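Participant: So the sequences go chain by chain: A and B. For the first sequence, our numbering puts the final residue at 522, and the numbers step up evenly by one. For the second sequence, our numbering puts the final residue at 1336, and the numbers step up evenly by one.
No wet-lab data here; the hints were simulated from the structure. Some clues are possibly wrong.
Stated by the list, open to error - In the BS3-like style, the derived pairs of lysine-lysine whose C-alpha atoms are separated by at most 27 Å in a straight line are: (1) A:Lys215 x B:Lys1062; (2) B:Lys1062 x A:Lys522; (3) A:Lys183 x B:Lys1143; (4) B:Lys1062 x A:Lys501; (5) A:Lys183 x A:Lys522; (6) A:Lys501 x A:Lys163; (7) B:Lys1197 x B:Lys1178.
What the hints assert, rightly or not - Beta-carbon label-pair distances, calculated as ranges: (8) A:Glu230 x B:Ser1191: 53 to 59 Å; (9) B:Val1325 x A:Asn249: 42 to 48 Å; (10) B:Gly1060 x A:Met458: 39 to 45 Å; (11) A:Glu311 x B:Val1131: 22 to 28 Å; (12) B:Gly1038 x A:Val152: 56 to 62 Å; (13) A:Tyr342 x B:Glu1190: 49 to 55 Å; (14) B:Ile1173 x A:Tyr342: 37 to 43 Å.
Small disclaimer: the values here were computed from a predicted structure and weren't measured. Every residue, glycine too, gets a C-beta built ideally from N, C-alpha and C.
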Amino acid sequence: MKRILCTLLAALMLLSLVACGGNNSTGNSGGGTSNEGRELDDELVVAVASDMTSMDPHVGKEISAVVVTNNIFATLLAKDEDGNIVPYVAESWEEVDDTTIDFKIREDITFHDGTPCTAEDVAYSLNRAINSAYVAYIIDYAENAEVIDEYTVRLNLKAPFLGALVNLTVPFTAIVPKDLVESDPDGFLAHPIGCGPYEFVEWKNGDYCKLKAYDGYFLDKAKVENITFRIIPEAAQRTIALENGEVDLIYDLAVNDISILESNPDLQVYQNESVTTWYLALNTQDPILSDVRVRQAIAKAINVQEIIDSVLYGAGTPANSLIPPSVIGYPGEDMPYFEQDIEGAKELLAEAGYPDGLTLDLAVAEDVTRVAVCTMLQDQLKDIGITVTLTTCDYSTYTFRANEGEFQMMFFFWICAAGHGDYQMYSLIHSSQQGAAGNRSFYANDEADQYIMNARQTMDEEVARENYRQLEAILDEEVPTVELLYTTLNVGATSKVENFIMDRAGYHNLETVVVYK
Amino acid sequence: MWRYILKRLLMIIPVLVGVTFVVYMILSVAHGDPVQTILGDKATEEAQEQLRAELGLDRPLIVQYGNYIWDALHGDFGTSYKNQVDVMDQVLDRFPNTLLIAAGAILLSLVLGIPVGIISAKKQYSFIDNASMVGALFGVSMPAFWMGLLLVIVFSLKLRLLPSSGMNSESLGLLLKSMILPVIALSTYSLAMIARMTRSSMLEVIRQDYISTARSKGITEGQVTVRHMLRNALIPIITAVGLQFGTLVGGSIMTETVFSWPGIGRLIVESIKSRDIPMVMGSVIFLCVIFSMVNLLVDLLYAFVDPQIKSQYKGK
C-alpha cells in the first residue's frame, strides 16, 4: 500500500478553515452587529478558566496549557474542520510500508528566534514526545523518528496503528527547536520558542499570559497582533467580563449563560459538537453490578434527552457509542441508542432478584453541571426502583477512589483528544487498561479485546469502523458503560470577534481570528 | 522587652512544626495521588514509579516529612508538582497581591469602622446607633463571595464603573481601580467587626469617673473622646484589628476567586486541588510566619498604648 498523499498548500487549508469558521456562530445577529467599516483592533483578550500548567508542549497536556501553547507551537500535521488530515509543518508524507512513514518538511519554516526548522528539530521533537512520561501515550505507537536528509524525517512504528497520522495533529507532538531545548532547558520553559503563529511574550502565573503575532510565520501572519489570556476561574465572572467588554472571547461558557449571550445583540455564541463523551462507568466486578441484567436495567432507566434539555439547556446530543461522531472509526448513526423502557427495566431487575428495588451508589467529581446531571440520573433510576446514593468529591479523590474500584456507578467524561476511536475504546474497554488507565468498569471480555486490537492495528479506517461496529454490538448487550451524550462546545464572544474557528477538542487556534474596535 | 520579643520569636518554631506536620499528614493521607495528578491517567506504570521515586514519595511518610523540613530549613521549599516552578518564588510573587487587598481592606475598616463605632457609642440607642449596628450585623453575616458578586453586578455590569475581575497593574490608577471592589468585598466583615468592637469597648469607658473628671477640666468634647475615651478603649480594638488582619491575609480565598485576584489564597486552593504538596506547604509556612508576626506586633503595640502592659514586659 504505497500512496503519496497530497501536496496541498497549507495556506489553502487555512483559507478553507476561515471560510467555514463563521458557520458555527449561532449568536445574535440582530441590529448593530455588522463590523463592516470598523477598524481592526490589535489586541484580543481571551478569558480561560484555569492557569497554564506548563509551556512545554511535551509536558503541559491539560487543556488550560494547550489553548496557549497551541498558538506558539506547530505540529507536523493538522486537521481541517471536517476532521481531514492536512499538511502543516510537513508538506507531504508517504507511507513507505505498514510501519514506516516518511515526512517531507517545509523548507521555509523558522522558529521565533529566527533559526530554521529542519528535519533534525522535527525528529528530536518527536523522540522527545515519545520519551516524555507526560505525553508518550499519544505517540508511543512509534518506535522512534530518524533524520533521512535535511528536510525528510522517518517515523518508525512498532506496529500498524489506526491513529498513526491523526495523532501527529495532537498539540503534544509539537515541534520544538532542538539546539535551544538541549542547551538551555530552563530558559526554554521560561520563554518557550516554537514555530507557530504567535510568539511568547509574558506569563504571570495565576494572572495572565501574553502572546504576539510572529512576523516570520510560515503561513499567513496571524490577524490579531497581540493576545492576552486572562485567567478567570469563576464561570459567572467570565460571562460578566464578556458582557462588560473586558474580554473578547470566553472559553468554557457555562451552559446556563448561553441564553444571556444570545439575548444580547453585542454578544455571540460559537457552538460545535465536541469530541467529549459523557458516560456512566458501571463497576462490573461489583457483586450487584456483575449481573448483566442489573446493568441493562440501568441503561433502560435513563432518558438522555430529558437531561440535555433541562440541565444542559439543549447543549448536547445523545450518544450511541463511546466514540464521538466526528472521530475516525465512529460506528455510525444507525447503531442503536439506549432507550428508556421503565417496564422492561423493572422486569430485568425482578429477574435479577430485585423485585423490590435496590440501593446503589453513584460517584461524580465536583462540578455544578455534572452533579446536576447525576441528580437527574438519581431521579430517573428511582422510577425503576433503584435508590441512588450520590457521592461527590474533588477530582483527585474521585479518580483515586474510582481507580481502586471503590464505587459502583461512576460519572465520567472522556475527551477524544487524538481524534480516532482507539483513544476511547482501548482506554475505556480493553481489559489491559483496568483502573487508572481508563477502564473503570473493570470490564474484561476477550472478544471485545480482539475487536479493539483489530481496529487498533490497521491503517484502514473502514476496517476499524467495521470492528468497532462489532464491538458496539457486544457493549450494547453487556453494558459495562452507558454512553449518555456528546457535549456541545460553547465559546462566548463579543460581536466584534470574527473568524473564530472551534477545535472540537477545545484546542482552539487563534491565527485566523480578527477583532474590531 | 527584647528578651520578650526573642522569646516570642522562638515560640514560632513549635507552632510551625505543629502546623507543617498536620498539613503534611492531612495532604498525604488525603485520597489522590500526586504522581497521577502530574503525569495524568495515561502514563505508564514505569514512568509513574520513576517519578514517585524521584519525588521521594515511595518512602515512609515520616521520612518524607523529615526530608521536607530538612530542605526547608536550608531554604529549599521545593518546586511545584503542578508547573515545576520554585515554590518560594511563586509564594513571594503572589503574596504582595494578597497583601495589597488585605491592607486596603484593613485600612478601610479602620477609617470607617472606628468613627462609626465611636458615634454609635456616643449616641447610644439613637437612630444612627441602631442603623449602624443593623448595618454591622448585616456586614458580619454577609459572605464575602456573595457581597463580591453583588458589587460586581451593580458596579461593573449595571453602572460600568469598575472592572469586574482581575488585577490590572499597567498603571497605578488602573491598579487602584481594579482594587476597589475586592477591597470593599473583603473589608465588609472586618469593618463590621471593628465597628461593633469599638462601640462596645467605648461604652465600657464612656461612663467611667475619669471621663467626668476630664470634662470638668473644661477640655473640648473632641479631646475627651479621642484622648480619654478612645485611648482607653483601644486595647480590644487593636486585638480585633490584629486578628482581622491575619484572617484577611489567609482568608481572602473566596474574594480572590470571585475577583480572579492572583493572590496567595487562590494559589493554596488550586494547589490543594492538584495535590501540589510543596506549593501548599510553602504557602502555609509563609502565612503561618506572617500570622505569628502580626500577632507579635499586636502584643507589642499594647505596650505603646497601655503603660501598665509596658511595665509587665519590662520584667521579662
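Participant: All hints are to be evaluated individually against the structure, with a verdict given for each.
Facilitator: Do the hints match the structure? See the list:
1. For the proposed pair lysine 215 of chain A and lysine 1062 of chain B, the alpha carbon gap of about 30 Å is over 27 Å, so the pair is violated.
2. This hinted pair does not check out: lysine 1062 of chain B and lysine 522 of chain A have alpha carbons roughly 44 Å apart, beyond 27 Å.
3. Of the pairs offered as hints, the one joining lysine 183 of chain A and lysine 1143 of chain B is violated, with about 76 Å between alpha carbons and a cut-off of 27 Å exceeded.
4. Between the alpha carbons of lysine 1062 of chain B and lysine 501 of chain A the distance comes to roughly 40 Å, so the proposed pair goes past 27 Å and is violated.
5. Our distance criterion of 27 Å between C-alpha atoms is broken by lysine 183 of chain A and lysine 522 of chain A, whose separation comes to about 40 Å.
6. A distance of roughly 49 Å separates the Cα atoms of lysine 501 of chain A and lysine 163 of chain A; the hinted pair therefore is violated under the 27 Å criterion.
7. This hinted pair checks out: lysine 1197 of chain B and lysine 1178 of chain B have alpha carbons roughly 17 Å apart, not beyond 27 Å.
8. Hint check: glutamate 230 of chain A to serine 1191 of chain B, Cβ distance near 21 Å, so the stated range 53 to 59 Å is violated.
9. Taking 42 to 48 Å as the suggested C-beta distance range, the pair valine 1325 of chain B and asparagine 249 of chain A conforms, at roughly 45 Å.
10. For glycine 1060 of chain B paired with methionine 458 of chain A, a C-beta distance near 23 Å fails the hint of 39 to 45 Å.
11. Roughly 55 Å separates the CB atoms of glutamate 311 of chain A and valine 1131 of chain B, a value that falls outside the hinted 22 to 28 Å.
12. A beta carbon spacing of about 58 Å between glycine 1038 of chain B and valine 152 of chain A agrees with the range 56 to 62 Å that was offered as a hint.
13. Look at tyrosine 342 of chain A against glutamate 1190 of chain B: about 53 Å separates their beta carbons, and that is inside 49 to 55 Å.
14. Between isoleucine 1173 of chain B and tyrosine 342 of chain A, the C-beta spacing of about 42 Å keeps the proposed range 37 to 43 Å intact.
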